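**Student:** The residues making up each chain are set out below.
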Amino acid sequence: MPRREVFQDQPRLKRLFRKRLAVIVFFVLILALILLGRLFYLQVLQHPYYKTLSQDNSISLVPTPPTRGLIYDRNGVILAENLPAYSLEITPDKVKNLSKTITALGSIISLSDEDKSLFYKELRRKRSFDQLPIKMKLTPLEVAKFSVNRYRFPGVHIVAGLIRHYPFANDLVSVLGYVGRINERDLKTVDESNYAATNYIGKVGIEKYFENVLHGTVGYRQIEIDASGREVRTLSHTPAIAGNDIYLTIDSGLQEAALSAMKGDRGALVAIQPSSGQVLAMVSTPAYDPNLFVRGISTKDYQALHDSKEQPLFNRAIRGQFPFASTIKVFLALELLNGNFTTADYTIFDPGYYRINKHSRIFHDEAKHGFVDLEKAIEVSCDTYFYIMSLKMGITPIDNILTKFGFGQYTHIQMNEELPGLVATPKWKMKTQRERWYPGDTLNSSIGQGSMLTTPLRLASATATLSERGVRYQPTLLLRQVTPNSEVLNSPSVKVGTIKLKASAWQHVINGMIKVIKGKHGTAWRFGRDASYSVAAKTGTAQVYSLRGQKYVLANVPLHLRDNSMFIAFARVKNPKIAIAVAIQNKPNAPVVARKVLDYYLLKQQHLSLADKEKIPAHMQHSTFTFEKMALGGLNAG
Amino acid sequence: MQDSNFLQRLNSQRKQQRKGIWQFLHLDPQLLIALTMIIAFGLVIFTSASNDNHAMVYAQVSRIILAVVFMFVAAQISPSKYRVWIPWIYAIGILLLVIVLLVGHTGKGAQRWLGAGIFRFQPSELMKIAVPMMVAWFLGEKELPPKFSSLLISALLIIVPALLIAKQPDLGTALMIIFSGVGVILFAGMSWRLIGLLFALILLTMPILWFFMHAYQHNRVLTFLNPNRDPLGSGYHIIQSKIAIGSGGFFGKGWFNGTQSHLDFLPEHSTDFIFSVLGEEFGFFGALVLLILYLFVVGRSFRIAFSASDSFTRLMAASLALTFFLSVFVNIGMVSGILPVVGLPLPLVSYGGTSIVTLLTGFGILMSIHTHKSMLKGYL
Chain A
1 MPRREVFQDQ PRLKRLFRKR LAVIVFFVLI LALILLGRLF YLQVLQHPYY KTLSQDNSIS
61 LVPTPPTRGL IYDRNGVILA ENLPAYSLEI TPDKVKNLSK TITALGSIIS LSDEDKSLFY
121 KELRRKRSFD QLPIKMKLTP LEVAKFSVNR YRFPGVHIVA GLIRHYPFAN DLVSVLGYVG
181 RINERDLKTV DESNYAATNY IGKVGIEKYF ENVLHGTVGY RQIEIDASGR EVRTLSHTPA
241 IAGNDIYLTI DSGLQEAALS AMKGDRGALV AIQPSSGQVL AMVSTPAYDP NLFVRGISTK
301 DYQALHDSKE QPLFNRAIRG QFPFASTIKV FLALELLNGN FTTADYTIFD PGYYRINKHS
361 RIFHDEAKHG FVDLEKAIEV SCDTYFYIMS LKMGITPIDN ILTKFGFGQY THIQMNEELP
421 GLVATPKWKM KTQRERWYPG DTLNSSIGQG SMLTTPLRLA SATATLSERG VRYQPTLLLR
481 QVTPNSEVLN SPSVKVGTIK LKASAWQHVI NGMIKVIKGK HGTAWRFGRD ASYSVAAKTG
541 TAQVYSLRGQ KYVLANVPLH LRDNSMFIAF ARVKNPKIAI AVAIQNKPNA PVVARKVLDY
601 YLLKQQHLSL ADKEKIPAHM QHSTFTFEKM ALGGLNAG
Chain B
1001 MQDSNFLQRL NSQRKQQRKG IWQFLHLDPQ LLIALTMIIA FGLVIFTSAS NDNHAMVYAQ
1061 VSRIILAVVF MFVAAQISPS KYRVWIPWIY AIGILLLVIV LLVGHTGKGA QRWLGAGIFR
1121 FQPSELMKIA VPMMVAWFLG EKELPPKFSS LLISALLIIV PALLIAKQPD LGTALMIIFS
1181 GVGVILFAGM SWRLIGLLFA LILLTMPILW FFMHAYQHNR VLTFLNPNRD PLGSGYHIIQ
1241 SKIAIGSGGF FGKGWFNGTQ SHLDFLPEHS TDFIFSVLGE EFGFFGALVL LILYLFVVGR
1301 SFRIAFSASD SFTRLMAASL ALTFFLSVFV NIGMVSGILP VVGLPLPLVS YGGTSIVTLL
1361 TGFGILMSIH THKSMLKGYL
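Residue numbers (the numbering used here), protein chains in the order written: chain A, 1 to 638; chain B, 1001 to 1380.
Treat each hint with caution, since some may be false.
Some, not all, of what chain A presents toward chain B, calculated at C-beta under 8 Å [to be verified]:
{"no.": "1", "residue": "R20"}
{"no.": "2", "residue": "A32"}
{"no.": "3", "residue": "L33"}
{"no.": "4", "residue": "Q43"}
{"no.": "5", "residue": "V44"}
{"no.": "6", "residue": "K51"}
{"no.": "7", "residue": "L53"}
{"no.": "8", "residue": "S54"}
{"no.": "9", "residue": "V62"}
{"no.": "10", "residue": "I102"}
{"no.": "11", "residue": "D186"}
{"no.": "12", "residue": "T189"}
{"no.": "13", "residue": "Q222"}
None of these hints come from the bench; they were simulated from the model.
Treat the numbers as computed from the prediction; the structure is a model and nothing was measured.
Cβ coordinates follow ideal geometry from the N, Cα and C atoms, glycine included.
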């Protein structure tokens, strides 16, 4: 290529170039210093900040759920266990179209609206690469169905886990309660970090009360993850610590016997060991299957339970506040003798009714009992006797003796749902009804028809105290705990105090209660006369609806307005082993139920384990037959 | 006195002898050693960055060997030959760029490659040295400082390939070519007043440039201004890169211990973002060592330019050195978050054949300038 020659002044060009070079070298050095400064800033000054960010990127803590503690009865029969189960879980991060995927899943596995809404709630709480359950406890068929279609659902997995199971189903729900899927409200009540991997939480009953004992401590695996969230390796592992196992004071055999005795009834029964306060049985009927709630109950099933007139979800044993009916009389009788308002041999005449004065309304008695002393008044449940005596002593001593037995107060048993009952006082009446206390209120209270209310649990506890002649024990459901290290934490019985009354007062009242069963006119003579053990008891019939002087004819009254029957008893009289309180709504069955339960406990001392369950019906059938026949003879409990 | 005189003479004689061997091979030992160290260090980093992917390491080594051969050959050719060839090389480069735009392979949304398999190469990389050499060739024969007409022609020589490359689209390389071409003009002695004027003009045309940019380029610039604007999208690269570098600390996490790169948080960790791997695994200390090696190479190249015998070789040598430094600066500045992400490799370290071959060929030309000059002197 020919080129035009240009004259170049070489030394001048060289000088010009070298000047320029100096400037450029200067710029290069400045730029190099800028880079160096930047690197120094990032790597030395800001190093701690970026180090944390780097660790946040690559190190992840994966919580591992602790195994929930098991629940046993007093004889070591398992009441709540953990069974392996499969759940369907979704990693939202790895699913392209979440709502489409869930719809598609719904076509092979039935997903309830609740499953979906719980999933979306969780979704907001967790990070998108966490695995979230959409359906717990898949049936084997569902597992198979999903496995065949698995290729259609990237990011959806079947995960094996443990799920709570109650082998006794309905029988123990009134004690155990149940666990259910954890929700945001539950999380506010616990240490959220400890529940990072937990899907279930105790919702009611023992499961709720002992939640912090049963749950255990969450474990953590520190893992290294890559940018796509895949686990690369485990860096360290802190194993989860299982919850404590709990042994309840409940005798599952007795509980089952009570439930079958109360089949078809709406009511409650509580049985307590008087010498310790340990609750042997606590029943509320009708019962329901807690396992439904574990799986995540369908809205339809829940509505059915919730709206049922039978109110299965209502735990009558601790929340049912029943009028005492005549069971209140034994406590009044104690105060009558102890406070010298009367003597045991003082006799009144009962014409079958009572009037406070000439102008007063008539207070009816069930029958004309004639001449009645204290023991007979208990035996025949003479209302007139207690009308006269209660007027004599006034309301304050009545309130005092009831309060001494703990009525109107929480028992503080290990159930959060408990209600206290009520001891009505003039002060209470003024406060709630803005009305003063009339003598008629005292009369009504004296036969347990007024405003006085008790739960079956409190009534059973008071009966136990009575049987122990004033020694009060705290009712308890907890026998002992066993830690994962097999350390046994016994839960000793707690003595609340002693009600100090005259020995003769205890004796006469208990005599009266024995006569209820054994006496010729005893109100429970029909049910208890042939018992091979000694029993002290008191019946009660609470009016649900005032007939205003009309004669009460069972068949004429609608079912829900029929009288409630109440029954308290303890046996044996010397060295009492069991004290019970029974309340049956709108049916006179309480004494029948009580007899069956006492028979089971005192005669079949060997407590049946689950394996022997088959033997129960034969035995129960026999006794049911005899008692039913007796019941047909008529009821006149008052 | 005589002894020391003798020693001095002996010393210079020995130097002469040693120089003689390098002179014969047309190589510059200082440049050679520094480049070897950079390449060796680069391979160490690359092995980790590729996650010990043997196929990739072998591919990289074979490219380096090819590039070294190119460097040796380039060093043997005297500058007078380049003077003849440069316009042709430049013309062929332009032609290839046009062909790339018509039939090139598409990679990552841009048409940059020609050929197939091992012969796949990026003409734009070739232009990184062809353009400054062409401008040096053009201005080397002119009276300096250049006249306005010469400046206009030089600008045309720069802008035509830059536009072709920007059309691929590869804005980073286009800008690099503009910088290195303008560098030559700077060395040629363009008046500072004119430079200031040009700078103002560029600032004024920025909004117009913005108008012509692709959406992804808009994103890059916006992301550069605020990486947290879209931390999982376009800001992700720079955020993760800064975490990688910053978490390295002073001495780094150690070879193969970088979590950012090995767990795939850091994207493009064997190509454009390989410096972040170095920063994470070898820390500030490692980065300092590499930077010093780069600066030594740049300094040595400027030294060669300083002592070059004529205008053409001076401008060529200086512009090659400046292009090399700017490549280093833009890449490190980009991965450390002081410049926008423009997708330029780290010279001699990043995965990619064309870049290494072009760069080492450039250093071969520098060695040629240095070694042929002295020979000429001897003849004169």
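**Student:** Now tell me, hint by hint, if it's right for this structure.
**Tutor:** Hint by hint, here is what the structure shows:
Taken as an interface hint, A:R20 checks out: its beta carbon lies about 5 Å from the nearest beta carbon of chain B, inside 8 Å. Annotation: A:A32 was flagged as interfacial toward chain B, and the flag holds, the nearest CB pair being 6 Å apart, inside 8 Å. Checking A:L33 against chain B by beta carbon gives a least distance of about 10 Å; that is not within 8 Å, so the hint is violated. Interface restraint check: A:Q43 against chain B, minimum CB-CB distance 4 Å, threshold 8 Å, status holds.
With a cut of 8 Å, the hint placing A:V44 at the interface with chain B holds, because the nearest CB-to-CB distance is about 6 Å. Annotation: A:K51 was flagged as interfacial toward chain B, and the flag holds, the nearest CB pair being 5 Å apart, inside 8 Å. Here the hint on A:L53 is kept, as its CB sits about 5 Å from the closest CB of chain B, short of 8 Å. Proximity of A:S54 to chain B holds as hinted, the smallest CB-CB distance being about 4 Å (cut-off 8 Å).
Nearest Cβ of chain B to the Cβ of A:V62: about 16 Å, over the 8 Å cut. The hint is violated. With a least beta-carbon distance of about 24 Å to chain B, the hint placing A:I102 at the interface is violated under the 8 Å criterion. With its C-beta approaching chain B no nearer than about 32 Å, A:D186 sits outside the 8 Å limit, and its interface hint is violated. For A:T189, the suggested interface contact is broken, since its CB lies about 35 Å from the closest CB of chain B, more than 8 Å.
The interface hint given for A:Q222 is violated, since its Cβ lies 13 Å from the closest Cβ of chain B, which is over the 8 Å cut-off.
When each numbered hint is compared with the structure, violations occur for hints 3, 9, 10, 11, 12 and 13.
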